[in-house]
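Asks: Sequence:
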Amino acid sequence: MSLTEKKDTLLHIVQHADDKLTGLLIALANEYNTFNTKYSDEEIESFYKERDSLLADNKSSYTPAQFHDLIRNKK
Numbered sequence: 001m002s003l004t005e006k007k008d009t010l011l012h013i014v015q016h017a018d019d020k021l022t023g024l025l026i027a028l029a030n031e032y033n034t035f036n037t038k039y040s041d042e043e044i045e046s047f048y049k050e051r052d053s054l055l056a057d058n059k060s061s062y063t064p065a066q067f068h069d070l071i072r073n074k075k
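Under this note's numbering, the first residue of the sequence shown carries the number 1, and numbering increases by one thereafter.
These aren't lab readings, by the way, just hints derived from the structure by calculation.
Hints should not be assumed to be uniformly reliable.
[Said to hold, decoys possible] In silico lysine-lysine, DSS-like type, Cα no more than 30 Å apart, as pairs:
{"hint": "1", "residue 1": "Lys49", "residue 2": "Lys38"}
{"hint": "2", "residue 1": "Lys20", "residue 2": "Lys6"}
{"hint": "3", "residue 1": "Lys49", "residue 2": "Lys59"}
{"hint": "4", "residue 1": "Lys7", "residue 2": "Lys20"}
[To be verified] Restraint-style ranges between C-beta atoms, simulated for each label pair:
{"hint": "5", "residue 1": "Tyr32", "residue 2": "Tyr62", "range": "25 to 33 Å"}
{"hint": "6", "residue 1": "Leu24", "residue 2": "Phe67", "range": "32 to 40 Å"}
{"hint": "7", "residue 1": "Leu11", "residue 2": "Glu31", "range": "27 to 35 Å"}
{"hint": "8", "residue 1": "His16", "residue 2": "His68", "range": "15 to 23 Å"}
{"hint": "9", "residue 1": "Thr34", "residue 2": "Leu11", "range": "39 to 47 Å"}
{"hint": "10", "residue 1": "Glu42", "residue 2": "Pro64", "range": "52 to 60 Å"}
{"hint": "11", "residue 1": "Ile44", "residue 2": "Gln66", "range": "19 to 27 Å"}
{"hint": "12", "residue 1": "Glu45", "residue 2": "Asn73", "range": "12 to 20 Å"}
{"hint": "13", "residue 1": "Leu21", "residue 2": "Lys59", "range": "34 to 42 Å"}
Note that this is a predicted model, so its numbers are computed, not measured.
Ideal Cβ placement from N, Cα and C applies to all residues, glycine included.
Based on the sequences and whatever the hints tell you, model everything.
Replies: Encoded structure:
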């Protein structure tokens, strides 16, 4: 089943869901989308250093959103 088919099936389920199922789907979605990542002081400091380094490069054509992605996705 493709992702599109899965979404269509899920949409059909949601459209016909009763109150209990709707509540369960919302709880599941909230649980799936919630994360409690805790960063150490060293990690936070490295984020700031990376941000400052990227922002200091005046030759860059990155948008602020791209900067955020670079910082967040740094391996």
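Asks: Compare the structure with each hint and give your call.
Replies: Quick rundown of the hints versus the structure:
Using a Cα cut-off of 30 Å, the hinted pair Lys49 and Lys38 holds, with the two alpha carbons roughly 18 Å apart. A hinted pair counts as satisfied when its Cα atoms are at most 30 Å apart, and Lys20 with Lys6 qualifies at roughly 21 Å. Note on Lys49 and Lys59: the hinted pairing holds, with a Cα-Cα distance of about 18 Å set against a maximum of 30 Å. A distance of roughly 20 Å separates the Cα atoms of Lys7 and Lys20; the hinted pair therefore holds under the 30 Å criterion.
Checking the proposed 25 to 33 Å range against Tyr32 and Tyr62 shows it holds: the Cβ atoms sit about 30 Å from each other. A C-beta distance of roughly 38 Å is found between Leu24 and Phe67, which places it inside the suggested range of 32 to 40 Å. At about 20 Å, the CB distance of Leu11 to Glu31 disagrees with the hint of 27 to 35 Å. For the pair His16 and His68, the supplied restraint of 15 to 23 Å is violated, since their beta-carbon distance comes to about 39 Å.
A beta carbon spacing of about 23 Å between Thr34 and Leu11 contradicts the range 39 to 47 Å that was offered as a hint. In this structure the hint that Glu42 and Pro64 lie 52 to 60 Å apart at CB is violated, the actual value being about 25 Å. For Ile44 and Gln66, the Cβ-Cβ distance of about 21 Å falls inside the hinted range of 19 to 27 Å, so the restraint holds. Here the CB-CB span from Glu45 to Asn73 is close to 18 Å, well matched to the stated 12 to 20 Å.
Distance hint check for Leu21 and Lys59: the Cβ-Cβ separation is about 54 Å, which falls outside the suggested range of 34 to 42 Å.
The structure shown violates the earlier hints numbered 7, 8, 9, 10 and 13.
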